[in-house]
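Novice: Sequence:
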Amino acid sequence: MKQKGQNLNQSLHIQEFLYAIKNKSDSLMNYFIVSYFVFGLFLASYYDTWEIAIGVGGLLLIAYFSTKWALPKSDFYQYVLSTVLGIFMAQFIYQMHGMFEMHFTAFVASAILITYQNWKLQIPLTIVVIVHHGLFAYLQFIGLDKIYFTQLDYMTLETFIFHIVLAAIIFSLCGLWAHQFKKYSETHIQLTFNKQEVENQELKKANYELDRFVYSTSHDLRAPLNSMLGLIEIAKDEVEDLPTLEYLRLLKTSAKKLDGFICDILDYSRNARMEVNKELIDFKELVDETIQNLRFMGDINQQVDFAVDISGKVPVYADKTRLSTILNNLISNSIRYQNLQIPNPFVDIEIETFDAETKITIRDNGIGISKELLPKIFDMFYRVSDQSIGSGLGLYIVKEAVNKLNGTIQVQSKLGEGATFFISIPNK
90 MKQKGQNLNQ SLHIQEFLYA IKNKSDSLMN YFIVSYFVFG LFLASYYDTW EIAIGVGGLL
150 LIAYFSTKWA LPKSDFYQYV LSTVLGIFMA QFIYQMHGMF EMHFTAFVAS AILITYQNWK
210 LQIPLTIVVI VHHGLFAYLQ FIGLDKIYFT QLDYMTLETF IFHIVLAAII FSLCGLWAHQ
270 FKKYSETHIQ LTFNKQEVEN QELKKANYEL DRFVYSTSHD LRAPLNSMLG LIEIAKDEVE
330 DLPTLEYLRL LKTSAKKLDG FICDILDYSR NARMEVNKEL IDFKELVDET IQNLRFMGDI
390 NQQVDFAVDI SGKVPVYADK TRLSTILNNL ISNSIRYQNL QIPNPFVDIE IETFDAETKI
450 TIRDNGIGIS KELLPKIFDM FYRVSDQSIG SGLGLYIVKE AVNKLNGTIQ VQSKLGEGAT
510 FFISIPNK
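For the sequence shown, the tail end lands on 517 under my numbering, and the numbers increase by one without skipping.
Keep in mind the hints are simulated off the structure, nothing from the lab. Heads up, some of the hints might be wrong.
[To be verified] Listed next, the in silico DSBU-like pairs over lysine-lysine satisfying Cα-Cα at most 30 angstroms (straight line):
#: 1; residue 1: K209; residue 2: K271
#: 2; residue 1: K341; residue 2: K373
#: 3; residue 1: K402; residue 2: K517
#: 4; residue 1: K460; residue 2: K113
#: 5; residue 1: K271; residue 2: K488
#: 6; residue 1: K113; residue 2: K448
#: 7; residue 1: K367; residue 2: K341
#: 8; residue 1: K325; residue 2: K367
#: 9; residue 1: K460; residue 2: K367
#: 10; residue 1: K517; residue 2: K493
#: 11; residue 1: K517; residue 2: K460
#: 12; residue 1: K402; residue 2: K341
#: 13; residue 1: K271; residue 2: K341
#: 14; residue 1: K402; residue 2: K460
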């Protein structure tokens, strides 16, 4: 009876947690779907497609919100949402007269649906995308006027199938990710519920098992993604058709963004639950390793000059993994967001060790951050500019890692004049 009661309580805790996730996801989706509608209006202002933007977009909003209002205790509205997001993609393609980049709004929708931690939500989106691509492609290529799928005059069947297969793979990966995170959430709740009933040694064993689980999750999610990237590289060597090569480049970019998003989520997960493990820190070795790993990161506009100044002889004991995460995120941001108007981009790294604290300063001459946006940059999923290409989790993870070390972080910046991050970590 006691065991049955414990299982019932655990089940209730899991349901409460999943309910909280659903509520937060619903709030996010309300803003997200409205932003899709507004984006349609924005496209209409350039392409004079107001009837489509208001008519189709308005009906899609009504379909989602009316279903949500009519069936508040059902998850059916989530499947309606998935379908609506797929139709929005078709609307954007039509408004842009077949511009290929609009296809990627479906991949954005697929990624955002992961927040519900329900892999089945990927199915309606996938069906809509496949049906739309097949129907519109056929109608356009038989000469029907004003049916837009692509701006190409002709697309081979092989290229079309390749496009659909890779899109389905991305949707499948997002579904796998949602399923894995639901499993992880349930496991995490069960372990949390039992914390007060197990001894310290059993807790350590549970944390070890969680570490293995996170590693397994990372491997299971990223291995097929990396395989897909490898297949794209192989395909590029076999294909000479320029439009197809462009498709492959765009698919590779999208897959790499998804891979980076997965890495950020896993970094956040590890930081949130792992204990602080202090060890003697060699800052020179840590900084050199970080710079070496980032020196040739992709999408760099021009070579960045690094200046490193490490002073103080006080031995520092801290969590090396979290310090590496902090340095990696801040330095990579400095590299990624260069100011193209300045010919000599740089990143200055200063570390001073004192008896009471360690001060870390990272300064760059990149695009900078406006004064109005500074208070928001450490928020989860916040992206500071139109040039942002990451997941929006980097600075949030940095803030959380600094908090775990009982430290503080501040930033000074002006738009167009770079940014400086000041970190202070107590030496205890």
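Novice: Are the hints correct? Go through all of them and say.
Specialist: Consistency of the hints with the structure:
1. K209 x K271: Measuring from Cα to Cα gives roughly 12 angstroms; hence the hint holds.
2. K341 x K373: Given pair K341, K373 is violated - Cα atoms ~35 angstroms apart, limit 30 angstroms.
3. K402 x K517: Since the Cα atoms of K402 and K517 sit roughly 16 angstroms apart, the hinted pair holds (cutoff 30 angstroms).
4. K460 x K113: 28 angstroms, holds
5. K271 x K488: 25 angstroms, holds
6. K113 x K448: 36 angstroms, violated
7. K367 x K341: With Cα atoms ~39 angstroms apart, K367 and K341 exceed 30 angstroms; violated.
8. K325 x K367: 46 angstroms, violated
9. K460 x K367: Distance ~36 angstroms between K460 and K367 Cα, so the pair is violated.
10. K517 x K493: Holds. K517 to K493 sits at ~13 angstroms (cutoff 30 angstroms).
11. K517 x K460: This hinted pair is violated, its Cα atoms lying about 34 angstroms apart.
12. K402 x K341: 46 angstroms, violated
13. K271 x K341: 27 angstroms, holds
14. K402 x K460: 36 angstroms, violated
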